[in-house]
Amino acid sequence: MIVFQKISKIYDGCTALNNIDLTIKAKEFVSLAGPSGAGKSTLLKLLIGEEKPSKGKLFLDKQNIHLVKEKDMPKLRRKIGMVFQDFRLLSDRTAYENVAFAMEVAGATDKEIKQDVPQLLELVGLVDKLNQFPHQLSGGEKQRVAIARALIHRPSVILADEPTGNLDLLNSWDIVRLLQKINELGTTIILATHDREIINNLGRRVITLDKGRVIRDEANGRYIL
Amino acid sequence: MFKTTLFRIVKSGWQSFVRNYWLSAATVAVMILALFVIAGLTLFNVMTQAVVANLQNRVDVSVYFNKDTEEAKVLSVRQELVALPEVKSVDYVSQGEALKRFQELHKNNQVLLRSLQELDQNPLEASLNIKANQASQYEAISDYLSQDRFQGIIDKINYKQNKDIIGRLTRLTGNIQMGGFVISLFLGLLALLVTFNTVRLTMYTWREEISVMRFVGADNWFIRGPFVVEGVLYGIASAMTTIIVIFPILYFISPKITNFLPEVDLLFFYQTNFWQFILLLFGIGIVLGGVSSLIAIRRYLKA
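Taken in order, these protein sequences are the chains called A and B. For the first sequence, our numbering gives the first residue as 1, with consecutive numbering after it. For the second sequence, our numbering gives the first residue as 1, with consecutive numbering after it.
Check the hints yourself; a few may be wrong.
[Stated by the list, open to error] Subject to a maximum C-alpha distance of 20 Å in a straight line, what follows is the list of computed DMTMM-like cross-link-like pairs (lysine to aspartate or glutamate):
1. A/LYS45 <-> B/GLU209
2. B/LYS3 <-> A/ASP110
3. A/LYS75 <-> B/GLU209
4. B/LYS67 <-> B/ASP91
5. B/LYS11 <-> A/GLU112
6. B/LYS131 <-> B/GLU209
No wet-lab data here; the hints were simulated from the structure.
Next up, chain A with everything else stripped away, as it sits in the complex:
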């Protein structure tokens, strides 16, 4: 469960988030909607501890994220899977190695890695592209590698920041369906996007942000601005 309590974030006098109160339950699929600059990315950055809130508290599974010590931060990040618009794969490693890297940093054994990585790449439909480097993959394939990597620690939450922003329609839907499938398997998904079509077709909870405030929060929401 994720709880935002009166969260504000101010960058040099510019308010990115203003007094946000939100609760996201486990296994929910939540879309964050809103135009660019509404504060969607800032919200996600606070969750992974990349930024600290100027005011308020933020809890992930009852743990106050901003009291986590710097040296324990890697462990927190392993609990949260991140997917980005620009994929953020390691360019000099193959699809297999990119996913394996996330396991290596957590100290998994070689045996575990050999067992889990192909399984996950199969889940995202890339089992035949194990040894391709990112530049040899299409946008949709890169994003699927990124999702496989995000899943590797069996995180309780996946944060997806505009994951379809660089993809065509067909690939976008592939990715969204994949996220739905992961959600059905029991992972909370927070999807930040400004793609009206995707949000309207999902029929799930939509939180709409504008100028750093929550202006709408509906269970079966639509994209309205």
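Got chain A sorted already, so can you dock chain B onto it with the hints?
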């Protein structure tokens, strides 16, 4: 666990070094230049030292003794001189020896030799040829011999005549050594800075990757480690290349230098001090590569 992590860090560093071979080659090339400058300066210093030592060897001070001085007294003065810390060596030239050398030197000058035979006794004086450790010490030796107790036996010390030239030589050798040191320091520092900057630029190209690693939950050592390994590999590769490349270069250049300065044989010096060179270049290369990476990566690790 620790062993696995270490193995992964080394493997990851090696992979990055090999897969990004163009980037590695460019960085290694700059480091080769730097190490080359350092090796060159070392050899240059060996050369100047040999030249300075040779010049100093040609200078000495001679003390001439009155003709009636007993040989035992001369030898006791010699004993005294040898015990002085400034003195490197003292050669005794007896009256007979001096005469022999004179005759040998002027064997083609019959007039001189015949007039020498006209004299009923040997006109030459016994002498001590003194060499000091450093050119600047001749003054002190000369002062020592000017003490009153030597007045009766010593006829003259040729330091006064040589004083000017010895002084100039002292200054010259000092300047050569000082100049060599300053130039070495300056160029060496330049080479280190250029290398450091190159490694920094290399790391700059990885800043995106570093942020990705952090997102995936890698702790700082897991991110830093492979880059340090890569930096060390740059150092090893460049040191190895430099050491090999120096051979053919010295092979061609060394005889030409020996023509000018017969006392300098750089190739021989390189061969006899080969292990020291390996230690020096590998040491500098590895430390430079590793430390540069470590410093360069620090700014991207700030969470």
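We went through each hint and held it up to the structure:
Distance hint between A/LYS45 and B/GLU209 is fulfilled; the C-alpha atoms sit about 18 Å from each other, no more than 20 Å. Among the hinted pairs, B/LYS3 with A/ASP110 is consistent with the structure: their alpha-carbon atoms are about 12 Å apart, no more than 20 Å. This hinted pair checks out: A/LYS75 and B/GLU209 have alpha carbons roughly 19 Å apart, not beyond 20 Å. For the suggested pair B/LYS67 and B/ASP91, the alpha carbons sit about 18 Å apart, so the restraint of at most 20 Å is met.
The straight-line distance between the Cα atoms of B/LYS11 and A/GLU112 is roughly 18 Å, inside the 20 Å bound, and the hint therefore holds. For the hint linking B/LYS131 to B/GLU209, the alpha-carbon distance of about 66 Å lies beyond 20 Å, and the restraint is violated.
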